[in-house]
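Listed here are the chains, written in short residue letters.
There are 2 protein chains.
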Amino acid sequence: MPDQPSSKSHRAAPAHTDPGQVPLLGALSALADPVRLQLVRDLAGSEDWTRTCGSFDVPVGKAALSHHFSVLRGAGLVEQRDLGAKRVNRLRREEFEARFPGLLALLLRPDEV
Amino acid sequence: MPDQPSSKSHRAAPAHTDPGQVPLLGALSALADPVRLQLVRDLAGSEDWTRTCGSFDVPVGKAALSHHFSVLRGAGLVEQRDLGAKRVNRLRREEFEARFPGLLALLLRPDEV
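If you read the sequences in order, they're chains X and V. Using numbering that gives the first Met the number 0, read the first sequence as starting at 0 and increasing by one per residue. Using numbering that gives the first Met the number 0, read the second sequence as starting at 0 and increasing by one per residue.
Simulated from the structure, these hints should not be mistaken for laboratory data. The beta-carbon is built from N, C-alpha and C at its ideal position, and this holds for glycine as well. It is possible that some hints are incorrect.
Listed below are several chain V residues computed to face chain X (Cβ distance under 7 Å; list not exhaustive) [what the hints assert, rightly or not]:
no., residue
1, 59
2, 62
3, 111
Restraint ranges, calculated between C-beta atoms of paired labels, are given here [unchecked claim]:
no., chain 1, residue 1, chain 2, residue 2, range
4, X, 52, V, 61, 43 to 49 Å
5, V, 53, X, 47, 47 to 53 Å
6, V, 43, X, 11, 26 to 32 Å
7, X, 92, V, 87, 39 to 45 Å
8, V, 108, X, 40, 21 to 27 Å
9, V, 63, X, 46, 44 to 50 Å
10, X, 101, V, 51, 30 to 36 Å
11, X, 40, V, 100, 15 to 21 Å
This is chain X alone, in the form it adopts within the complex (with noise of 0.2 Å):
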């Protein structure tokens, strides 16, 4: 394998879905997790590329945190970026709104559990 001296990783850039592509089941099925939730939820009260995958307190692995995340990127919800050894995520709100008009607000809502 060669050497890659011009990147910290070694990792693929992530894929992304445009969100206005995403379809209703995988908005949904996306959503109907409690890790996936959460992720979802502390990125809404984090400023925009502030939070590493790392720095979310969910009960989970390396390996399936990386699967969640894969998954919100899929469903439009989460756009994230590689600053050297580093990824970097937001949460995809004016365009996952733009295509599920008020869903976002219906899980950020302060009382649901």
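We have chain X already, so just place chain V on it with the hints.
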């Protein structure tokens, strides 16, 4: 087992969940399934109490269909009554809307797949 001369059905009456008590994850999980989404949409296009459980064109067997209706009852989406040997259904539009405003409308948009 004693005879049940006053009932044409040997089934227990269906148990329902108060829509006001449905957790968000329960509602999302109930809806994140293509068969249950189809049942909800078909019910939305039908008069209350006109649809028997066997009247839906979904690609599942009787036991699976019974499970899907149980999940929909548990999510506060569907109310069922036994009329003799038949079980009839209605969508709990108002109650579910009060619990999760706007969610049912998202599911029922005509352009969603």
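Status of the hints after comparison with the structure:
Of the supplied interface hints, the one on residue 59 of chain V is violated, with its beta-carbon coming no nearer than about 16 Å to a beta-carbon of chain X, more than 7 Å. Among the interface hints, the one on residue 62 of chain V is violated; its C-beta lies about 23 Å from the nearest C-beta in chain X, farther than the 7 Å criterion. For residue 111 of chain V, the suggested interface contact is upheld, since its CB lies about 5 Å from the closest CB of chain X, less than 7 Å. For the hinted restraint 43 to 49 Å between residue 52 of chain X and residue 61 of chain V, the CB-CB distance of approximately 44 Å keeps it satisfied.
The hinted range of 47 to 53 Å is satisfied by residue 53 of chain V and residue 47 of chain X, whose Cβ atoms lie roughly 51 Å apart. Take residue 43 of chain V and residue 11 of chain X: their Cβ atoms lie about 42 Å apart, and the range 26 to 32 Å is violated. Roughly 42 Å separates the CB atoms of residue 92 of chain X and residue 87 of chain V, a value that falls within the hinted 39 to 45 Å. Checking the proposed 21 to 27 Å range against residue 108 of chain V and residue 40 of chain X shows it holds: the Cβ atoms sit about 25 Å from each other.
Evaluation of the 44 to 50 Å hint for residue 63 of chain V and residue 46 of chain X yields a pass: the beta carbon distance comes to about 45 Å. Taking the beta carbon of each, residue 101 of chain X and residue 51 of chain V are about 33 Å apart, inside 30 to 36 Å as hinted. Roughly 19 Å separates the CB atoms of residue 40 of chain X and residue 100 of chain V, a value that falls within the hinted 15 to 21 Å.
Violated hints for the displayed structure, listed by number in ascending order: 1, 2 and 6.
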